[in-house]
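Take these sequences, add in the hints, and give me the full structure.
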Amino acid sequence: MILTIASGKGGTGKTTVATNLVQIDGQRFKLLDCDVEEPNCFLFLKPDIQETIKINMPVPDVDETKCTGCGKCSEICQFKAIASFKTPDRGFCITFPELCHGCGGCMLVCPEDAVTWGKREVGVVETGLFDDIKMVHGRLRIGEAMSPPLIKAVKKYVEDGYMNIIDAPPGTSCPVIEAVKGSDYVVLVTEPTPFGLNDLILAVEMVREINIPMGVVINRADIGNKMVSDYCMEQGIPILLEIPYDRKIAEVYSRGECMIKSLPEYHKLFSDLLFKIKKEVQV
Amino acid sequence: MRFGRAKFFIVVDMETGETKTVDNGISMNALQGAGIQAAETASKLGAECIITGNLGPKASKALNAAGIKTFQCNGGTVEEAIQKFKNNELSSLDMPNVEGHWQ
Numbered sequence: 029m030i031l032t033i034a035s036g037k038g039g040t041g042k043t044t045v046a047t048n049l050v051q052i053d054g055q056r057f058k059l060l061d062c063d064v065e066e067p068n069c070f071l072f073l074k075p076d077i078q079e080t081i082k083i084n085m086p087v088p089d090v091d092e093t094k095c096t097g098c099g100k101c102s103e104i105c106q107f108k109a110i111a112s113f114k115t116p117d118r119g120f121c122i123t124f125p126e127l128c129h130g131c132g133g134c135m136l137v138c139p140e141d142a143v144t145w146g147k148r149e150v151g152v153v154e155t156g157l158f159d160d161i162k163m164v165h166g167r168l169r170i171g172e173a174m175s176p177p178l179i180k181a182v183k184k185y186v187e188d189g190y191m192n193i194i195d196a197p198p199g200t201s202c203p204v205i206e207a208v209k210g211s212d213y214v215v216l217v218t219e220p221t222p223f224g225l226n227d228l229i230l231a232v233e234m235v236r237e238i239n240i241p242m243g244v245v246i247n248r249a250d251i252g253n254k255m256v257s258d259y260c261m262e263q264g265i266p267i268l269l270e271i272p273y274d275r276k277i278a279e280v281y282s283r284g285e286c287m288i289k290s291l292p293e294y295h296k297l298f299s300d301l302l303f304k305i306k307k308e309v310q311v
Numbered sequence: 008m009r010f011g012r013a014k015f016f017i018v019v020d021m022e023t024g025e026t027k028t029v030d031n032g033i034s035m036n037a038l039q040g041a042g043i044q045a046a047e048t049a050s051k052l053g054a055e056c057i058i059t060g061n062l063g064p065k066a067s068k069a070l071n072a073a074g075i076k077t078f079q080c081n082g083g084t085v086e087e088a089i090q091k092f093k094n095n096e097l098s099s100l101d102m103p104n105v106e107g108h109w110q
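First to last, the sequence lines map onto chains A and B.
Following this note's numbering, the numbering of the first sequence begins with 29 at its first residue and continues without gaps.
Following this note's numbering, the numbering of the second sequence begins with 8 at its first residue and continues without gaps.
Just so you know, not all the hints are guaranteed correct.
[Unchecked claim] Below, computed lysine to any residue pairings styled on SDA-like, alpha-carbon distance capped at 25 Å:
{"no.": "1", "chain 1": "B", "residue 1": "Lys-68", "chain 2": "A", "residue 2": "Gly-99"}
{"no.": "2", "chain 1": "B", "residue 1": "Lys-68", "chain 2": "A", "residue 2": "Arg-148"}
{"no.": "3", "chain 1": "B", "residue 1": "Lys-68", "chain 2": "A", "residue 2": "Gly-133"}
{"no.": "4", "chain 1": "A", "residue 1": "Lys-100", "chain 2": "B", "residue 2": "Met-35"}
{"no.": "5", "chain 1": "A", "residue 1": "Lys-58", "chain 2": "A", "residue 2": "Met-29"}
{"no.": "6", "chain 1": "A", "residue 1": "Lys-114", "chain 2": "B", "residue 2": "Glu-96"}
{"no.": "7", "chain 1": "B", "residue 1": "Lys-51", "chain 2": "A", "residue 2": "Thr-96"}
{"no.": "8", "chain 1": "B", "residue 1": "Lys-76", "chain 2": "A", "residue 2": "Thr-96"}
{"no.": "9", "chain 1": "B", "residue 1": "Lys-51", "chain 2": "A", "residue 2": "Pro-139"}
{"no.": "10", "chain 1": "A", "residue 1": "Lys-114", "chain 2": "B", "residue 2": "Asp-101"}
{"no.": "11", "chain 1": "B", "residue 1": "Lys-51", "chain 2": "A", "residue 2": "Asp-250"}
{"no.": "12", "chain 1": "A", "residue 1": "Lys-276", "chain 2": "A", "residue 2": "Asp-250"}
{"no.": "13", "chain 1": "B", "residue 1": "Lys-76", "chain 2": "A", "residue 2": "Cys-98"}
{"no.": "14", "chain 1": "B", "residue 1": "Lys-51", "chain 2": "A", "residue 2": "Leu-127"}
{"no.": "15", "chain 1": "A", "residue 1": "Lys-114", "chain 2": "B", "residue 2": "Thr-26"}
{"no.": "16", "chain 1": "B", "residue 1": "Lys-51", "chain 2": "A", "residue 2": "Cys-98"}
{"no.": "17", "chain 1": "A", "residue 1": "Lys-100", "chain 2": "B", "residue 2": "Gly-53"}
{"no.": "18", "chain 1": "B", "residue 1": "Lys-76", "chain 2": "A", "residue 2": "Cys-95"}
{"no.": "19", "chain 1": "B", "residue 1": "Lys-68", "chain 2": "A", "residue 2": "Glu-172"}
{"no.": "20", "chain 1": "A", "residue 1": "Lys-114", "chain 2": "B", "residue 2": "Ala-72"}
{"no.": "21", "chain 1": "B", "residue 1": "Lys-51", "chain 2": "A", "residue 2": "Phe-120"}
{"no.": "22", "chain 1": "A", "residue 1": "Lys-114", "chain 2": "B", "residue 2": "Asn-95"}
{"no.": "23", "chain 1": "A", "residue 1": "Lys-114", "chain 2": "B", "residue 2": "Thr-28"}
{"no.": "24", "chain 1": "B", "residue 1": "Lys-51", "chain 2": "A", "residue 2": "Glu-92"}
{"no.": "25", "chain 1": "B", "residue 1": "Lys-68", "chain 2": "A", "residue 2": "Thr-93"}
{"no.": "26", "chain 1": "A", "residue 1": "Lys-114", "chain 2": "B", "residue 2": "Phe-78"}
{"no.": "27", "chain 1": "B", "residue 1": "Lys-68", "chain 2": "A", "residue 2": "Met-135"}
{"no.": "28", "chain 1": "A", "residue 1": "Lys-114", "chain 2": "B", "residue 2": "Lys-27"}
{"no.": "29", "chain 1": "A", "residue 1": "Lys-114", "chain 2": "B", "residue 2": "Asn-94"}
{"no.": "30", "chain 1": "B", "residue 1": "Lys-68", "chain 2": "A", "residue 2": "Lys-58"}
{"no.": "31", "chain 1": "B", "residue 1": "Lys-51", "chain 2": "A", "residue 2": "Thr-115"}
{"no.": "32", "chain 1": "B", "residue 1": "Lys-14", "chain 2": "A", "residue 2": "Gln-106"}
{"no.": "33", "chain 1": "A", "residue 1": "Lys-100", "chain 2": "B", "residue 2": "Gly-74"}
{"no.": "34", "chain 1": "B", "residue 1": "Lys-68", "chain 2": "A", "residue 2": "Ile-104"}
{"no.": "35", "chain 1": "A", "residue 1": "Lys-114", "chain 2": "B", "residue 2": "Lys-14"}
{"no.": "36", "chain 1": "B", "residue 1": "Lys-68", "chain 2": "A", "residue 2": "Thr-115"}
{"no.": "37", "chain 1": "B", "residue 1": "Lys-76", "chain 2": "B", "residue 2": "Val-19"}
Don't read these hints as lab results, they were simulated from the structure.
Following this line, the structure appears as structure tokens:
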């Protein structure tokens, strides 16, 4: 099973939910941190790193001796990652690998077979083990703008026979969709504020678009107002868990510890959450 | 004004003084790579020199590759810019003078 923890708004508690959930007994867990721009699951569960693998994506390499500067590659490229020039004395291309999305269109249309695959490093995938929890995360290369290829690489580690928990990036754009798609269930973490509600609505619309069942966790549940719970009720989205606003939780978090270990009184909240999710998925 | 995001280009034949207007809307509205596309357009128009306000890093790389020289002129009319160019009053922009977007 694949369970993705997402949110519209950032900083609502995705990682808190993910890292605590995987420590519930009686289940084999695999935690995949797909927030590759700022992965933080490894800060809370400190796994021993087993392997570090560089992830590349394909970008065009142009053989200058073959290129005539016909412009077909540049015409098909939607991202202007390849530019073509024809001057009276020569024709040639220049590439902007950092803009390339790796579609391979330039290679297909080149009548001279001048384009071959080069590569650009997008980041690394690291795997590790914490107790018996298998962990994987991606770390985007500094300066790299495109995270979906790395997220895809992290998701290749999804394993049958495990409860795979994906910690998604915030928002509702391409990286989030890459993280969420293919999941059996999505948990949206929010907070009971106008900002939380606004972004929750965006996230709900996104998850509906890709047709995955979902539930909501409200963090810092006793601040703000009732608008989020009213919205969930009206939309028929189950509220799976409400985490209270408790200074102790913030203190534990700031030390890089997990609620479930440092504040055992919250253990039940997360075991109930897991139980409810499993029930929702079966329905 | 930035080269890649210019709404129009005025192409001037320095010998005859003839001008034409070229719409750069397609680059102006591009999500990314506006400077690259604008450089391609300039090259296709047969431009040897460009006079612009600002030049981004990718436009600069593309124009250099295409062998097109760039000069800076901020403000004023096209006529004034051409006059300054003729009088050698414009400084050349061999390097980008503004940063890329989203970098």
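Structure-based check of all given hints:
1. Of the pairs offered as hints, the one joining Lys-68 of chain B and Gly-99 of chain A holds, with about 17 Å between alpha carbons and a cut-off of 25 Å not exceeded.
2. Taken as a hint, the Lys-68 of chain B and Arg-148 of chain A pair is honoured in the structure, with Cα atoms around 19 Å apart against an allowance of 25 Å.
3. Note on Lys-68 of chain B and Gly-133 of chain A: the hinted pairing holds, with a Cα-Cα distance of about 23 Å set against a maximum of 25 Å.
4. Annotation: proposed proximity of Lys-100 of chain A to Met-35 of chain B holds, straight-line Cα distance about 21 Å (limit 25 Å).
5. Only pairs whose Cα atoms come within 25 Å are accepted, and Lys-58 of chain A paired with Met-29 of chain A is accepted, the gap being roughly 10 Å.
6. A threshold of 25 Å between alpha carbons decides the hint, and for Lys-114 of chain A with Glu-96 of chain B the separation of about 30 Å lies outside it, so the pair is violated.
7. For the hint pairing Lys-51 of chain B with Thr-96 of chain A, the CA-to-CA distance comes to about 14 Å; that is within 25 Å, so the pair holds.
8. Taking the CA atoms of Lys-76 of chain B and Thr-96 of chain A, the gap is near 23 Å; set against the 25 Å cutoff, the hint holds.
9. Under the criterion of a C-alpha separation no larger than 25 Å, the hint pairing Lys-51 of chain B with Pro-139 of chain A is consistent with the structure, at around 20 Å.
10. In summary, the hint linking Lys-114 of chain A to Asp-101 of chain B is supported, as the alpha carbons are separated by about 21 Å, within the 25 Å threshold.
11. Restraint check for Lys-51 of chain B and Asp-250 of chain A: not satisfied, since their Cα atoms lie roughly 63 Å apart, outside the 25 Å limit.
12. Taken as a hint, the Lys-276 of chain A and Asp-250 of chain A pair is honoured in the structure, with Cα atoms around 15 Å apart against an allowance of 25 Å.
13. A distance of roughly 22 Å separates the Cα atoms of Lys-76 of chain B and Cys-98 of chain A; the hinted pair therefore holds under the 25 Å criterion.
14. Only pairs whose Cα atoms come within 25 Å are accepted, and Lys-51 of chain B paired with Leu-127 of chain A is accepted, the gap being roughly 22 Å.
15. The suggested pairing of Lys-114 of chain A with Thr-26 of chain B holds, with an alpha-carbon distance near 23 Å, which does not exceed 25 Å.
16. For the proposed pair Lys-51 of chain B and Cys-98 of chain A, the alpha carbon gap of about 11 Å is at most 25 Å, so the pair holds.
17. Simply put, Lys-100 of chain A and Gly-53 of chain B have alpha-carbon atoms about 19 Å apart, close enough for the 25 Å limit, and the pair holds.
18. The suggested pairing of Lys-76 of chain B with Cys-95 of chain A holds, with an alpha-carbon distance near 23 Å, which does not exceed 25 Å.
19. For the given pair, Lys-68 of chain B sits about 19 Å from Glu-172 of chain A by alpha-carbon distance, which is consistent with the 25 Å threshold.
20. A C-alpha spacing of about 11 Å is found between Lys-114 of chain A and Ala-72 of chain B, which places the hinted pair at or below 25 Å, so the restraint holds.
21. For the hint pairing Lys-51 of chain B with Phe-120 of chain A, the CA-to-CA distance comes to about 13 Å; that is within 25 Å, so the pair holds.
22. For the hint pairing Lys-114 of chain A with Asn-95 of chain B, the CA-to-CA distance comes to about 28 Å; that exceeds 25 Å, so the pair is violated.
23. For the hint linking Lys-114 of chain A to Thr-28 of chain B, the alpha-carbon distance of about 22 Å falls within 25 Å, and the restraint holds.
24. Among the hinted pairs, Lys-51 of chain B with Glu-92 of chain A is consistent with the structure: their alpha-carbon atoms are about 19 Å apart, no more than 25 Å.
25. Proposed proximity of Lys-68 of chain B and Thr-93 of chain A is supported: the alpha carbons are some 20 Å apart, at most 25 Å.
26. The straight-line distance between the Cα atoms of Lys-114 of chain A and Phe-78 of chain B is roughly 22 Å, inside the 25 Å bound, and the hint therefore holds.
27. Between the alpha carbons of Lys-68 of chain B and Met-135 of chain A the distance comes to roughly 22 Å, so the proposed pair stays at or under 25 Å and holds.
28. Proximity of Lys-114 of chain A to Lys-27 of chain B is assessed by CA-CA distance (about 21 Å); at most 25 Å being required, the pair is judged to hold.
29. At roughly 30 Å between alpha-carbon atoms, Lys-114 of chain A and Asn-94 of chain B are farther apart than 25 Å, so this suggested pair is violated.
30. Distance hint between Lys-68 of chain B and Lys-58 of chain A is unfulfilled; the C-alpha atoms sit about 45 Å from each other, more than 25 Å.
31. Straight-line distance between C-alpha atoms of Lys-51 of chain B and Thr-115 of chain A comes to about 8 Å, which keeps the hinted pair within the 25 Å bound.
32. Straight-line distance between C-alpha atoms of Lys-14 of chain B and Gln-106 of chain A comes to about 20 Å, which keeps the hinted pair within the 25 Å bound.
33. At most 25 Å may separate the alpha-carbon atoms for a hinted pair to count; Lys-100 of chain A and Gly-74 of chain B meet this at roughly 21 Å.
34. A hinted pair counts as satisfied when its Cα atoms are at most 25 Å apart, and Lys-68 of chain B with Ile-104 of chain A qualifies at roughly 20 Å.
35. A threshold of 25 Å between alpha carbons decides the hint, and for Lys-114 of chain A with Lys-14 of chain B the separation of about 24 Å falls inside it, so the pair holds.
36. Annotation: proposed proximity of Lys-68 of chain B to Thr-115 of chain A holds, straight-line Cα distance about 16 Å (limit 25 Å).
37. The straight-line distance between the Cα atoms of Lys-76 of chain B and Val-19 of chain B is roughly 15 Å, inside the 25 Å bound, and the hint therefore holds.
Comparing the model with each earlier hint shows violations of hints 6, 11, 22, 29 and 30; every other hint is respected.
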